[in-house]
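Peer 1: Could you fit the two chains together into a complex? Lean on the hints.
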Amino acid sequence: MRYAMAIDTKKCVGCSDCVVACQTENNVPHGYCRDWVVEVMDGTYPNLELEIRSERCNHCDNSPCVRCCPTGASHYEAGGIVTVTANECIGCGACIESCPYDARYSHPDGYVDKCTFCLHRVEKGEKPACVSVCPTNCMYFGDLEDPDSDVSQALQNRKYKTLAPEAGTKPQIYYLI
Amino acid sequence: MKEEIFVSGRNIPNIDPFLHIWHWQIPLYLFLGGLAAGIMFFASLYTILGKEKEMPTTVKWAVFLVPAALVLGLFALFLDLKHQWYFWRLYLTVRFESPMSWGAWVLMLITPLSMMWVSSYIKELYPKWDWKFEILNKFEKLIIEYRKSLAWALLILSVILGIYTGILLSAFNARPLWNTAILGPLFLVSGLSTGAAAIMWMSKSHIERSFMSKVDLILIGIELFFIIHLFMGFMASTAVQINAAELFMGGQFTVSFWVFVVILGLVFPAILEILELRGYKIPVAIPALLILFGGLMFRFIMVEAGQITRYLY
Ligand code: SF4
Ligand code: SF4
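If you read the protein sequences in the order shown, they are chains A and B. This note's numbering puts the first sequence at residues 1 to 177. This note's numbering puts the second sequence at residues 1 to 313.
Just chain B, same shape as in the assembly (with noise of 0.2 Å):
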């Protein structure tokens, strides 16, 4: 037996009995810009591929959610810090190997660029509108006359803040539970998930809805492998990530876990889209929803959880 105790007593806030230094807002954070990218991923790929008139909702109109999903986010990422009026000083320099830096920076040039897109149909869904001034007039007429090169912009910068939300929490090799390489196609996978969820809610066209439901299938299918794939790597690792996965077998998340994200989150939503697309009249909320719901817990609990998973003690 093995028994280890603070002397000199230790109880940091946040830091004793166990790491809680990340709370509610980087979850949020993480999930919003999934989300925001998983929207702006099919949008910009469905206008390269010339698809606008078939696919009108994935490629006009649920990206209007993306600037409010990505100005949230950022608002979140604020709340987070505790040296706030300092906050500029992230945008001061550029360190690639701080994913927290690049990330910020990411999210710096998606967030202008998704407005742009947004304020280039904002006149097919109000016919009334009026810029005002003429010379937001001509850039919008340039945005429309660019939008294939900004849809392509939009495409890259949309894959890499859907794996950086990741890769943020697989930099930090001290979290065994964070520390593999599969969370940034795994949280990528969910990103692009939740986006389709929130498309086909969005939708009106049973066309686009059925489309993106055999789109969100796939990604339910693949998120799932990831996951199986997740646990294995950490059952062939090292003693401090076989705790980590045991927390989720066993441990204290695991109804968490495996109820809420995989079985309500995932295999749920993926019975009903399969109902739905034999026929079945079930409202496409309810699937949505749940992707939705399990996609917030899965970042809320691997936050959660991997701030409890160490090295010592």
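Chain A extracted, bound-state conformation (with noise of 0.2 Å):
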């Protein structure tokens, strides 16, 4: 099993939904989230070309966050899902640093928290929180081993990219442009 999302660019609009719904699903603290939009304006008048892209955890499948974490609270849960363990934690901050994107900020209470895939949805069988509110339906979901998941069968007709991958992460979320 190997748990992954596939975000359209062309259909995201930057409303923004993913972000709130992640905020309430997650009880984030305010003035923190766990996944963010970006706008990426790119050329000159009048030739631009804008790129939507709701960002958020990777969960690589090679992550140097598990990898520096020197007391293994950051750890891979089934499927690839990166989760931290708050009363392992120390709040050391290596896997901040670690992370090429990001995408790990340190809690009021000390420890460190991210995205968790809504791993406590996903067990139930649910999609995550910011998949299951989009409103344009730009996010796909599932396990990428299985042929007929929402996220595999995105990916096969389309042309994707993933963030930064010459940072050697080996990142699962994946940008259908």
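The set of hints was computed from the structure by calculation and includes no laboratory data. Since the model is a prediction, treat every value here as computed from it, not as a measurement. By construction, the Cβ of each residue, glycine as well, lies at the ideal position given by its N, Cα and C atoms. It is possible that part of the hints are untrue.
[To be verified] Using 20 Å as the maximum straight-line C-alpha spacing, the simulated EDC-like pairs for lysine to aspartate or glutamate come out as follows:
id	chain 1	residue 1	chain 2	residue 2
1	A	K10	A	E51
2	B	K214	B	E276
3	A	K124	A	E145
4	B	K123	B	E145
5	B	K60	B	E134
6	B	K123	B	E52
7	B	K204	B	E52
8	A	K161	B	E3
9	A	K170	B	E97
10	B	K214	B	E4
11	B	K148	B	E54
12	A	K124	A	E88
13	A	K161	A	E39
14	A	K11	A	D61
15	A	K10	A	D61
16	B	K60	B	E140
17	B	K148	B	E134
18	B	K123	B	E97
19	B	K2	A	E126
20	A	K161	A	E88
21	B	K51	B	E124
22	B	K82	A	D109
23	B	K141	B	D130
24	B	K148	B	D130
25	A	K11	B	E4
26	B	K2	A	E145
27	B	K2	A	D148
28	B	K2	A	D113
29	B	K82	A	E39
30	A	K10	B	E4
31	A	K10	B	E3
32	B	K82	A	D42
33	A	K159	A	D148
34	B	K51	B	E145
35	A	K161	B	E276
[Said to hold, decoys possible] Output of the computed footprint for chain B on chain A, the stretches with three or more beta carbons under 8 Å from beta carbons of chain B:
id	stretch
36	9-23
37	36-43
38	88-95
Peer 2: Here you go:
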């Protein structure tokens, strides 16, 4: 099993519903977020190109955050989901330094927090909150190893990219372009 | 032109707009670790070479700084932790892929060993010293008897500690400025040089001082070579590493790095040391202080600048 997400940059309108859904679902402290939306404007007027991306932890296959964690608090769950066990975390910040996507933050209570792919929902067979709330249905979640899953289907007929693959992390959020 | 903005709004404390998770504690920890490694290295080396008589400060007295520096360093690391009362978790596992983990273990080993070293010389410093308990006297005798073996262990541990202070940073591939293998050797040499400077400063014997000053000159030479090598490597590397190097070549760290670290912290003290060796009267405290100051600045700048370098946005 390998959980992954595909996000259609052509469908995303940048409404930030996914951000609010995550904050509500996961009780994210005020002023923090586990996902965010980036708007990229490329080119020179009048030849401009716009890309809108909803970003979050990439649940990397080769995650430096898990490697650098001195206590093992950062670890892989089944399906490659990367999570932090709060009462094992010492708050050293090594994992924050090691994430090329700045997807982690230091929770006001001291431990490190991040996107969990809504593990608590996924375990019950539900989709992550951000995916289920998206009004344009631009996010696809599921098991990459299952050819019939939403994510595998979405990746089949489209070109896609990942963010900063040169950082060597093997990110598992795919952006349809 | 490419412009990237967070449309959902994102302003997470210490992450946006630039990463600033590590403040003064980590560079101080790295400095104290390097200093302790440097002093310990020379103390064990000259014990193994049987030079206790010629180099008393190196072998005996400067080592008194080592446990103090290590305990202070560990305390700085502790202050940096945001989930402090789970600190003990660090010592429940050994994770070799995580430099933070094995480094913490090396510190845990080297601190008591260096304390043992110091305790075996305490009677020479304070002849009236009394251990009070017979068992401690026996323990002291044992340490004195096995001093050479202790020196070997500490020699190896001090090299590991010195390299660790650099590897801690170079293991982070997310920060292009740190992600270079030269950082381990560079931090080691810099640590050795600060150690030599501290010994020089404390020593009262002219012969020992001028010997350490020659050693220090060689170390400064190697350090300068490594620094040039570091930037040459960056300039011949990927876009993110070229950007990292540019922070020091016209960017915001240009003045602080080249003036405080390279000129005041390395070149100028080297010139003073050469003049001193040639017979000019120069108080040893000046080059020694400059080297220590340069070493501290170097770590502050590297930690600060490294957190700014990144892959995205
Ligand atoms: S995106 Fe960052 S936090 Fe998430 S798994 Fe990759 S390295 Fe770790
Ligand atoms: S902050 Fe916590 S999760 Fe992150 S590396 Fe340190 S102990 Fe591990």
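Peer 1: Evaluate each hint against the coordinates.
Peer 2: Here's how the hints hold up against the structure:
1. Using a Cα cut-off of 20 Å, the hinted pair K10 (chain A) and E51 (chain A) holds, with the two alpha carbons roughly 7 Å apart.
2. Restraint check for K214 (chain B) and E276 (chain B): satisfied, since their Cα atoms lie roughly 10 Å apart, inside the 20 Å limit.
3. Taken as a hint, the K124 (chain A) and E145 (chain A) pair is honoured in the structure, with Cα atoms around 19 Å apart against an allowance of 20 Å.
4. At roughly 15 Å between alpha-carbon atoms, K123 (chain B) and E145 (chain B) fall within 20 Å of each other, so this suggested pair holds.
5. Restraint check: the Cα-Cα separation between K60 (chain B) and E134 (chain B) comes to about 24 Å, which exceeds 20 Å; the hinted pair is violated.
6. Between K123 (chain B) and E52 (chain B) the CA atoms are separated by roughly 16 Å; this keeps the pair inside 20 Å, and the hint holds.
7. Restraint check for K204 (chain B) and E52 (chain B): the C-alpha separation of about 14 Å stays at or below 20 Å, so the hint holds.
8. Distance restraint check for K161 (chain A) and E3 (chain B): the Cα-Cα separation of roughly 19 Å lies within the 20 Å cut-off, and the hinted pair is therefore satisfied.
9. Restraint check for K170 (chain A) and E97 (chain B): satisfied, since their Cα atoms lie roughly 18 Å apart, inside the 20 Å limit.
10. Between K214 (chain B) and E4 (chain B), the direct Cα distance comes to roughly 52 Å. Violation of the 20 Å bound is thereby established for this hinted pair.
11. Among the hinted pairs, K148 (chain B) with E54 (chain B) is consistent with the structure: their alpha-carbon atoms are about 17 Å apart, no more than 20 Å.
12. For the given pair, K124 (chain A) sits about 25 Å from E88 (chain A) by alpha-carbon distance, which is inconsistent with the 20 Å threshold.
13. Annotation: proposed proximity of K161 (chain A) to E39 (chain A) holds, straight-line Cα distance about 16 Å (limit 20 Å).
14. Restraint check: the Cα-Cα separation between K11 (chain A) and D61 (chain A) comes to about 26 Å, which exceeds 20 Å; the hinted pair is violated.
15. The suggested pairing of K10 (chain A) with D61 (chain A) is violated, with an alpha-carbon distance near 26 Å, which exceeds 20 Å.
16. Pair hint K60 (chain B) plus E140 (chain B) holds up; C-alpha atoms about 15 Å apart against a cutoff of 20 Å.
17. Straight-line distance between C-alpha atoms of K148 (chain B) and E134 (chain B) comes to about 24 Å, which puts the hinted pair past the 20 Å bound.
18. Taking the CA atoms of K123 (chain B) and E97 (chain B), the gap is near 42 Å; set against the 20 Å cutoff, the hint is violated.
19. With a CA separation close to 37 Å, the supplied pair K2 (chain B) and E126 (chain A) exceeds the 20 Å bound.
20. A hinted pair counts as satisfied when its Cα atoms are at most 20 Å apart, and K161 (chain A) with E88 (chain A) does not qualify at roughly 34 Å.
21. Between K51 (chain B) and E124 (chain B) the CA atoms are separated by roughly 17 Å; this keeps the pair inside 20 Å, and the hint holds.
22. Of the pairs offered as hints, the one joining K82 (chain B) and D109 (chain A) holds, with about 8 Å between alpha carbons and a cut-off of 20 Å not exceeded.
23. Between K141 (chain B) and D130 (chain B) the alpha-carbon distance is near 13 Å, which keeps this suggested pair within the 20 Å criterion.
24. For the hint linking K148 (chain B) to D130 (chain B), the alpha-carbon distance of about 24 Å lies beyond 20 Å, and the restraint is violated.
25. Restraint check for K11 (chain A) and E4 (chain B): the C-alpha separation of about 18 Å stays at or below 20 Å, so the hint holds.
26. Simply put, K2 (chain B) and E145 (chain A) have alpha-carbon atoms about 35 Å apart, too far for the 20 Å limit, and the pair is violated.
27. The straight-line distance between the Cα atoms of K2 (chain B) and D148 (chain A) is roughly 37 Å, outside the 20 Å bound, and the hint therefore fails.
28. Annotation: proposed proximity of K2 (chain B) to D113 (chain A) is violated, straight-line Cα distance about 30 Å (limit 20 Å).
29. Restraint check for K82 (chain B) and E39 (chain A): the C-alpha separation of about 32 Å exceeds 20 Å, so the hint is violated.
30. At roughly 16 Å between alpha-carbon atoms, K10 (chain A) and E4 (chain B) fall within 20 Å of each other, so this suggested pair holds.
31. Restraint check for K10 (chain A) and E3 (chain B): satisfied, since their Cα atoms lie roughly 18 Å apart, inside the 20 Å limit.
32. Distance restraint check for K82 (chain B) and D42 (chain A): the Cα-Cα separation of roughly 39 Å exceeds the 20 Å cut-off, and the hinted pair is therefore not satisfied.
33. At most 20 Å may separate the alpha-carbon atoms for a hinted pair to count; K159 (chain A) and D148 (chain A) meet this at roughly 18 Å.
34. With a CA separation close to 16 Å, the supplied pair K51 (chain B) and E145 (chain B) stays within the 20 Å bound.
35. For a cut-off of 20 Å, the pair hint linking K161 (chain A) to E276 (chain B) is broken: about 61 Å separates their Cα positions.
36. Using a Cβ-Cβ cut-off of 8 Å, 3 residues of the stretch 9-23 of chain A lie near chain B, which meets the minimum of three, so the contact claim holds.
37. With a threshold of 8 Å between beta carbons, the proposed coverage of the stretch 36-43 of chain A by chain B holds, since 8 of its residues qualify and at least three are required.
38. With 7 residues having a Cβ less than 8 Å from any Cβ of chain B, the stretch 88-95 of chain A passes the three-residue criterion, so the hint holds.
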